[in-house]
Amino acid sequence: MTEPLLSVRDLRVEFPTRRGTLTALDGVSFDIMPGEVLGMVGESGAGKSLTGAAIIGLLEPPGRIAGGEIRLRGERIDILSPDAMRRIRGKRIGMVFQDPLTSLNPLYTIARQLTETIRTHLPLSEADARQRAIALLDRVGIPAAARRIDDYPHHFSGGMRQRVVIALALCAEPELVIADEPTTALDVSVQAQIIDLIKEICAERGAAVMLITHDMGVIAETADRVAVLYAGRLAEIGKVKDVILDARHPYTKGLMGSIPTLTQESDRLVQIPGAMPRLSAIPQGCAFNPRCPEVFARCFVERPEPVKIESGRQVSCWIEEWKVGHG
Amino acid sequence: MIAYILRRIVQSVLVMLVVALVSFSLFRFVGDPVATMMGQEASQADREALRDRLGLNDPVIVQFAGFIARAAQGDFGISYRLQQPVMELILSRLPATLELALISGTLAFVLGVGFGVYTALNRRGLLSGAIMTVSLIGVSLPTFLIGILLIWIFAVELQWLPSFGRGETVDLGPWRTGLLTESGRASIVLPAITLGLYQMTLIMRLVRAEMLEVLRSDYIKFARARGLSDRAVHFGHALKNTLVPVITITGLQLGSIIAFAIITETVFQWPGVGALFINSVQFVDIPVMAAYLMLIALIFVVINLVVDLLYYAVDPRLRVDRTAAQH
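In the order they appear, the protein sequences are chains X and B.
Per the numbering used here, the first sequence starts with residue 1, numbered consecutively.
Per the numbering used here, the second sequence starts with residue 1, numbered consecutively.
Don't read these hints as lab results, they were simulated from the structure.
None of these values were measured; they are calculated from a predicted model.
Computed spacing ranges between beta-carbons, pair by pair:
hint	chain 1	residue 1	chain 2	residue 2	range
1	X	H214	B	R7	45 to 51 angstroms
2	X	A127	B	L310	29 to 35 angstroms
3	X	A144	B	M1	20 to 26 angstroms
4	X	Q193	B	R7	37 to 43 angstroms
5	X	Q284	B	T248	52 to 58 angstroms
6	B	Q11	X	L124	44 to 50 angstroms
7	X	A127	B	S183	53 to 59 angstroms
The C-beta atom is built at its ideal place from N, Cα and C for all residues, glycine as well.
The following block holds chain X by itself, in its conformation from the complex (with noise of 0.2 angstroms):
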């Protein structure tokens, strides 16, 4: 089996306030292999982007990494010194947020942006970079590029400049990419082609993908695997063909169930009752269990560790562990 290329273990995340410490990812392993694309889905809050944002050492003040481990490649890179991380970012691991209109410093040209970041983990002149760059443009699809890298940001559309981030976010070749929900703000119908892009582009460059985002259906078409996060605990993780077909976190049953199919009958989409409790009021035991349609006594109790039940297969459950236990 090979090495994986990022592996993160036990992750604990915490943001101490005045109240108290609340702790925002608990206990959250994964693995990514090289060249994989692994989709990370859950409700806003359960602790998707953060899980990116503590990878690539950019955790806002005053959250923290508060135990755990993140090795890249077997290097951990939790405890490096803030300027050995800054060398990783961008030049190993590469980022694509949200939002493209404000990811762009719109005082800049993007070649000014592109080759400046470019320099910094390359060691190629000015005319090189440039050189560099406009075939990155001409890449992930700038039309005329040669000639549109001396614009600036505003001259460029929402789903151009998402095409301008995801060239700087891989202008220096990184193994692995995080996208941050790349989609989420640009038009249903420049999404696809964004999503297309960065599968086929990290294909092309071996690079491995983590991709963020609420929408299931982008994982169907793109992940590998996925993972399911809630309440910042990994609820299940597998194949995605698996975890959609067969579900077995009732979290995850739930999400499946709420997804509107063209050859449903019925009026209602199913959804799961109430809402994911606030990081300062995580239940005793299962964090799912206010909400869980199978609940029992023992998810009042004691919080349930991932299961291995197939290969590469998890799930955080107490009737997974039982089915286990007896299977």
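Once you have looked at the hints, place chain B on chain X.
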């Protein structure tokens, strides 16, 4: 671009016309000039003759047009008190005020931006706290008090710097400068600090607030995520965005530095236009007051125009080039 400049110039001319109206009406508010000019023994016929000669029998609108026509040529009449052409008086005093204003303005801008950036980047630092506390004094103490305090400390107690006047001056054509002699340079230190302290603290607080705001923005986050150095992020990306609003305020402040140098000039007996204005008010020297009003308005209008053009230079979004904005 040219249309924009033209539009702005037309607006500026309108503003100047309104100010001219106010200045013009000054003359009509302080009674009959003929009575002051001729004394009590003059006959009614002489008075009428003078009134006719001065054009005071013309309709108000014709008089106003005449006033504007003369003002446009720099003719504001003769000072009642000093019996010299007003324009000559003002021009002889203007270099002193401009030197003082430019030096204190530069001081305020450079130190204000420097301290502002420092306190924003080291938000919790001890020195930042000290700077912020001291800046409160700058904001809250009235100018004349600061001036008197500085005179007391540096001129009376320490005897390092002169307490009044411009020191020795050198004539460079029509421009009489104090910057070329040692006593002139020593003399300008205290007034420049007095005049610039408030502006400096204002710019500093503005830069700090703007910088903190910009540092939270998405493009700064994205710049960090690309692995750019702190230096490039702070001074390359953040500072330029911070300066857009700061330019406006600084421009307007330069106007007020010139206009409100009155107090500083009085405290330090600085022979500038502010001191000239104060003396004119005491002697009801209307032509000087009217000319001063017009001059200050002109300075404000010109500075505003320059600031708007600077915006164009700094912020590419304002440059209307429709050829590239088609996407």
